[in-house]
Amino acid sequence: MKAHTEYLWFNTKKHREFINVTDELEKALAKAQIQEGFVLASAMHITAGVYINDAEDGLIADIEEWLEKLAPEGPNYRHHRTGETNGDAHLKSLLAHHQIMAPVTAGKLDFGPWQQIFYAEFDGQRRKRVLVKIIGE
Amino acid sequence: MKAHTEYLWFNTKKHREFINVTDELEKALAKAQIQEGFVLASAMHITAGVYINDAEDGLIADIEEWLEKLAPEGPNYRHHRTGETNGDAHLKSLLAHHQIMAPVTAGKLDFGPWQQIFYAEFDGQRRKRVLVKIIGE
Amino acid sequence: MKAHTEYLWFNTKKHREFINVTDELEKALAKAQIQEGFVLASAMHITAGVYINDAEDGLIADIEEWLEKLAPEGPNYRHHRTGETNGDAHLKSLLAHHQIMAPVTAGKLDFGPWQQIFYAEFDGQRRKRVLVKIIGE
Chain Y
1 MKAHTEYLWF
11 NTKKHREFIN
21 VTDELEKALA
31 KAQIQEGFVL
41 ASAMHITAGV
51 YINDAEDGLI
61 ADIEEWLEKL
71 APEGPNYRHH
81 RTGETNGDAH
91 LKSLLAHHQI
101 MAPVTAGKLD
111 FGPWQQIFYA
121 EFDGQRRKRV
131 LVKIIGE
Chain P
1 MKAHTEYLWF
11 NTKKHREFIN
21 VTDELEKALA
31 KAQIQEGFVL
41 ASAMHITAGV
51 YINDAEDGLI
61 ADIEEWLEKL
71 APEGPNYRHH
81 RTGETNGDAH
91 LKSLLAHHQI
101 MAPVTAGKLD
111 FGPWQQIFYA
121 EFDGQRRKRV
131 LVKIIGE
Chain D
1 MKAHTEYLWF
11 NTKKHREFIN
21 VTDELEKALA
31 KAQIQEGFVL
41 ASAMHITAGV
51 YINDAEDGLI
61 ADIEEWLEKL
71 APEGPNYRHH
81 RTGETNGDAH
91 LKSLLAHHQI
101 MAPVTAGKLD
111 FGPWQQIFYA
121 EFDGQRRKRV
131 LVKIIGE
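Protein chains in written order, with our numbering: chain Y, 1 to 137; chain P, 1 to 137; chain D, 1 to 137.
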């Protein structure tokens, strides 16, 4: 069994941002030198998500609008009594889910033709991290 | 460490469909010949989900209605400018989540009494695939 | 490859309950004696979730209210024809997701500073279980 770990860092510039990390995961996988296994990509923050879907700009805008509709920004979160203002970003993280597990077969991400991995930032304008851990052989 | 990979194919006949894949995963596990490990079941499509819940027909209809309520079909998705008409199916995929990881203990899926694994198709009437990858020993 | 399995039992006293299980997972990890690997924490019930987010009481109340808003209690679930009354709890389980995979690096949960693991009960007042399976080396 081999293990390979990386931390992807992002300087998020906007409040909300969707970053395609598929290429970075493929590079990490090349370094890991495994043929069969699993790649975990997991946000290290509680106001961000990692999900798999299409790299189509219209859809990404649809996803952002939909997350805002189901988990809206607003002043009325109890969490804001702590001084925070990002209650919605925690709920968006739950909704988009904070992690994915990608299968590795014959040394490659074993994906369908349209599957791309996104880091979704919901409370940005700071440095942020995604953990990538690859286990296999 | 052993690895076993299968691709389950489905000829989905309806636009939306819920297929219990628990038996297929148990068969794959029997072939994998592992005692301890993980089974990843992951949709290879971005308009489908894989989830664990009850195999009760009323509940499955409730789940379908609920997904439609929170991620409705409609003409107003930006994604449709590409010629697609399935914006809702991408959002339903995010909501239901596209994958599960099942634990294997003593050669069996280590589940509670009611846990069943479903492939949920949200944009069907075509051949579709679920990746099953089993890693363990 | 080593495998370590535990079943965490909870006597849930309330209908809905959020239990921080991070310490229990760290204890299980210490017993597992692995340095690199994955920890799966998965509810063994279909009316419960396991998620990662902040251990802040206001936020937990926000999460409970939000889950109730998106997947409300009510009499009108088809599932209730079976005699059950917990249709909403199944939908809340889908929304919160029933499992997480935690990375292990150098023998520790490899988390960001605010990441805590919660068992979320949506149909309690009974004994409930979370499976913990640790695979690594």
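Derived by calculation from the structure, the hints in this document are not laboratory data.
Be careful, since some hints might not be right.
Identical copies look the same in the list; a pair holds intra-copy or inter-copy alike.
[Said to hold, decoys possible] Here are the simulated EDC-like cross-link-like pairs (lysine to aspartate or glutamate), alpha carbons at most 16 Å apart as the crow flies:
hint, residue 1, residue 2
1, Lys13, Asp62
2, Lys108, Asp23
3, Lys108, Glu17
4, Lys108, Glu36
5, Lys13, Glu84
6, Lys2, Glu36
7, Lys69, Glu26
Hints versus structure:
For the homomeric pair Lys13 and Asp62, neither the shortest alpha-carbon distance inside one copy (20 Å) nor that between copies (27 Å) is at most 16 Å. Taking identical chains as interchangeable, the C-alpha atoms of Lys108 and Asp23 lie at most 16 Å apart only when both belong to the same chain, with a minimum of 12 Å there against 28 Å between chains. When the C-alpha separation of Lys108 and Glu17 is checked against a cutoff of 16 Å, the pair qualifies neither within a copy, at 27 Å, nor between copies, at 30 Å. Taking identical chains as interchangeable, the C-alpha atoms of Lys108 and Glu36 lie at most 16 Å apart only when both belong to the same chain, with a minimum of 9 Å there against 21 Å between chains.
When the C-alpha separation of Lys13 and Glu84 is checked against a cutoff of 16 Å, the pair qualifies neither within a copy, at 19 Å, nor between copies, at 31 Å. In this assembly of identical chains, the alpha carbons of Lys2 and Glu36 lie at most 16 Å apart whether taken from the same copy (10 Å) or from different copies (9 Å). In this assembly of identical chains, the alpha carbons of Lys69 and Glu26 never lie at most 16 Å apart, being 33 Å within a copy and 36 Å across copies at closest.
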